[in-house]
Amino acid sequence: MEKLTIEQTVVTSKQKIGNTTLKEPWLIRLILTTISLLFLLIFLVLPLVTIFITAFKKGLDVYIASITEPDALSAIKLTLLVAVIAVPINTLFGIAAAWAITKFNFRGKNLLTTLIDLPFAVSPVIAGLVFILLFGAEGLFGDLLSNYNVQIIFSLPGIILASLFVTVPFVARELIPLMQTQGTQEEEASISLGAGALTTFLKVTLPNIKWGLLYGVILCNARVMGEFGAVSVVSGHIRGLTNTMPLHIEVLYNEYQFSAAFAVASLMSLLALFTIIIKNIIEWRTKQ
Amino acid sequence: MSITIQNIKKKFGNFQALDDISLNIETGELIALLGPSGSGKTSLLRIIAGLENLDEGAILFDGENITEINAKERNIGFVFQHYALFKHMTVFENVAYGLKVRPRKTRPSKKEIADKVHTLLSLVKLEHFADRYPSQLSGGQRQRVALARALAVEPKVLLLDEPFGALDAKVRKDLRRWLRKMHNEFHVTSIFVTHDQEEALDVADRIVVMNKGKIEQVGTPEDVYDHPNSPFVYDFLGNVNLFKGRLKNGQLVHGSYTGPIDETLAKHDTEAIGYVRPHDIQIERTANLEGMVPAKIIFIHAIGPIVQIELHRQDIDEYLEAEISKELFHSLKLQRGEQVYIRPKQLKVFIPDDFSI
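Chains A and H are the protein sequences, given in the same order.
Numbering follows the numbering used here, in which position 248 of the first sequence is assigned residue number 851; successive positions increment by one, without gaps.
Numbering follows the numbering used here, in which position 268 of the second sequence is assigned residue number 264; successive positions increment by one, without gaps.
You can trust all of the hints, since none of them are fake.
Derived DSBU-like pairs: lysine-lysine, alpha-carbon spacing no greater than 35 Å straight-line:
| id | chain 1 | residue 1 | chain 2 | residue 2 |
| --- | --- | --- | --- | --- |
| 1 | A | 712 | H | 5 |
| 2 | H | 68 | A | 706 |
| 3 | H | 166 | H | 322 |
| 4 | H | 166 | H | 112 |
| 5 | A | 813 | H | 83 |
| 6 | A | 882 | A | 661 |
| 7 | H | 101 | A | 813 |
| 8 | H | 83 | H | 68 |
| 9 | H | 121 | A | 890 |
| 10 | A | 806 | H | 177 |
Source of the hints: derived by calculation from the structure; they are not laboratory data.
Fair warning: this is a prediction, and the values are worked out from it, not measured in the lab.
Same shape as in the complex, but just chain H:
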C-alpha cells in the first residue's frame, strides 16, 4: 500500500513537533525515518499509525484519505521500542490477539488461528516458546514476538518505532538483517524509526532524514551519504571533518589551505564551512600536490581493513580524522608522531545560515 503524507503539522503545547511534512511512500518500500531525538520522527510514525492526532494536513493510504479513521481501522502493524507485549498472556496468546479480537464475522476459526500463530512463530524462530510468558524471554526474543504479533493481522503497513533500540549491539545487527530478509519476502510497506545512522543505511530502501520537525533530505542510502544536501545531513550521517574558513576569489581559505569550490558559490565573499568525510582525506609524505597542509599523526587505530588516523594540523590548531585502506597504510609506513601532508580529495562547502545574505 502506498502512503501519501500531505503537509502535516503537529504541536505539543508550544513545541512544534512536525512542521509541514510531506512525503510519498511507494508500495512495498522499506523506509527509515532517521533523526536525532526531538526531530519528530516518532511523532510522524505515531500519526501515520493513528495513535496520535495531527493538527493540520492529511494522510492517504492508496490515495484514500484516512486522516479521520481510527487506529483500530487502519490495518497497520505497530512494533514498539519496548515491545509492549501483553504481560499476562503467553507468547501464543500475544500473537493470536489481533485475530481473536476480530468481530465474529471476520474472525478465523480456532484451528486457523492456531495454525497461523504457529507459522508465524516458526518464522521468528520461536516455535518452542509458545507457552512462555514475555517475562521469560530475552529482549531479542520479545521483539520477535512483537513482530510476529504485528504481522498476524496481515497489516498493509508495518510501522516500527526504534524496534532495535533497546537491544544490545550483536542482537541488533542480527535482527536488522532478519528484518531486511523478511521485508524481501513479504513486501509489506514498512516504515521504521531510528536514530542510528548505520541501521538506516544498512536496512532501508530510502532514508528520510529529519531535524527539528522538518524533512532535511529524502533519498537512497547512497544518495544521502554521498550527496548530503545540508550541513546537518553531513554531520548526522557518518563522521565528518570541518574546514571552517572563508570564501575568497572563488576559493575556500582555511589556515594555509586553499581549495576550489562550486561555481555557484564563487561570487560569495563570506564565512563558510567545508565538509570532508574521513575517507576523503588524502595523506602523503611530501607536499606534492596543491593545497596540501602539514599535519602530525597523533593516533593510529589499525583494527580491521580500514585504518583510522587522528591528525593535528600544524598550520592551525585543529584536529582531523582520516580513514585509509590497510594497503595504503602499509605502503606509506605511517608512524605515530610523524609529520605528513594532507588534502581533502572531495570537499563540500556550505555557507552557514547565520552568514548567508
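With the rest of the complex left out, here is chain A:
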C-alpha cells in the first residue's frame, strides 16, 4: 500500500509521466515486431531458403539437368500454356462480371456476386471431381464426348477447365469494389459527349481500372500456375503429357528425387517472388 502511494507521487512529476507513457508502447511494439518477424522467418523465409538449399545440394549440374529433362520441360510448357489460355479468359470474364454487377441493375445480381465467390469456398479437389463427374468416361456427358472423340478429362481441356474454375473470383473480386467506388458518371459523361460503348470502355473505364485489373491478373496467374488440387484430380498425372509444374514436383518428391523436386520448386518460388515484386510495384503506383 505504501509502495503504491510512493509510485503515484513519483508518477506525477512530468518526466516520469513522459517515460511511462513512452515505455509501454515501446515494449509492446518490440514484442509485436518480434512476433511477426519470427513468424515470417519460420513460415516464409526458412522454407524458401530450404527450397533453394535443397535444390542446389547436389550441385549446379544436377539442378540444371533436373529442370531441363524432357518431363520437367514438358511440365513447364504445360503450365505456361494453361496460364496463357486461362488467365485471359478469366480476365475477360472478370471485367464482364464486374462491369455487369457495378454498372447495371438486373435480377439475380446478388446471386451472380455470390456465385463468383463460390470457388473460394469450394475445396479445389471437389472442383476437380465435379469436372470428372461431368466429363469423365462415366460422367454425365461421357458418352456424348466419346462419341465425338473429344477428350476433356486427363488432357489439356480438363486442366484448363479446372484452372478456370478455381481462379474465377480473382479478377472480378479485384474490380468490383474499385468500380463500385468509381460509379458510372464518367461513363455517362463520355456517352453524352458522343462516344460509343467501346470507345468509352477503352478511353474512360479501362484507364480508371488498369492497376486494379493488373493486380487481379497477376494474382490470377499465380494461382493458375500454382494450382494443385483441382488440376491433380483431372489431369491423371501422365508424365510428359498432363503434368503441370506442381504435379511434376509431387511426382519427383514421391520418387525420392528431392534435389530435382526442389529444383522445379525453386523455379515456382522465383515466379512467386517475381509476382510479389510486381504486385508491390502496382500497389505503389496505385497510391501515387
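Keeping the supplied structure of chain A fixed, place chain H upon it in accordance with the hints.
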C-alpha cells in the same frame, strides 16, 4: 432547339419517380427544374439526356420523336453535380474528348480541336490550366471545365444536374451569374436541376416546380413566387407564415383574426390554411385597421436593407415572421419585447386536400 415532353412516366421498382409529366420548352430558354429531393427532377433530366429509359411517353426535339434514340446520338451537353471529369486526362484532353471521339468523317483536325479547346478554356477563364489534372483544381474550376467540355460538342441542349450543388455559397453565386451570362451569349436551350429556390429564381427564364413526380407549377420566377397555385409551391418558394383557421361566412377565422377570402371559396365552411409571405405582414403600433392581431416582438434581425422580425401572437400561441424595410423599421422605432399589432396585407387561402369535399 425546342423540347416537347409528352406524358412521361417512370417507375423505379415500386417508386413512381415521374407521374405523367408533360412540358414544352422553347428554343433558347433557360429552364429550372425545382423541387425537393425525390421529386423526380433529376430523373426527368436524365431521361431527356437519354441516360435513363422511360416507361411511357415520348420526348420530341424540334418536333422529332427521339425517345428511342441513344444518348450518344442526341447531341446534348450534360453537366454533372460532381463534375464527372475524366481523372486520368488533363483539362485540355477533357475538353477535347467529345471532338476526338467523333468518327473520322466529322472529326475536326488536330489544330481545329486545339483552337476550339483553347477558345473554350479562355471562355471559362482557365486558359492557363490546360495541362493540369482535375485533381489539381478547385471545385469551381472543375465545374467550369465540365461546362467547357459539354459546350465543346456544340450541343443543341445543355442539361445541368445540380451544377453548383457541391460548391460553397460564394463560388455558387459567381458561377450562377456566369451561367446566366453565358446563356445570354450562346442561347442554347438549357435545363438545370436545382433544389435551391434562390438559384432557380435568380437564373431561370421559367421555373418548373416539381413534387412527388408531378409538375406543380410552371411559370416565370415572378409568376411562381407571387402567384403560387398550391400550398406546396407557396411553402417551397420562399418563407411563408401559416394561418391555419376555418372558413366561415366568407371569411377566414384564425384566433382573433378574421379576414376576407376569395369569392370562389366563400360558400365553403371548412378548415383552411391562409398563406402569407413575411413581407406581406403589416406591423402597426396601434390596432387602427380591421383584422389586426396583437403580437409581441421576440427577435429582431436588422442586418442589410430588410429587417426580419420574429413575432409571437398573443391571441393564440403561434409564431410569425415579418420582413419590413429599414426605413419603416426606424420610423416605427420597434424594440424587442414590445407589443405591436399585425395584419396580413395579402393572404392566399387553400383548403387542404384532406378536408376538401
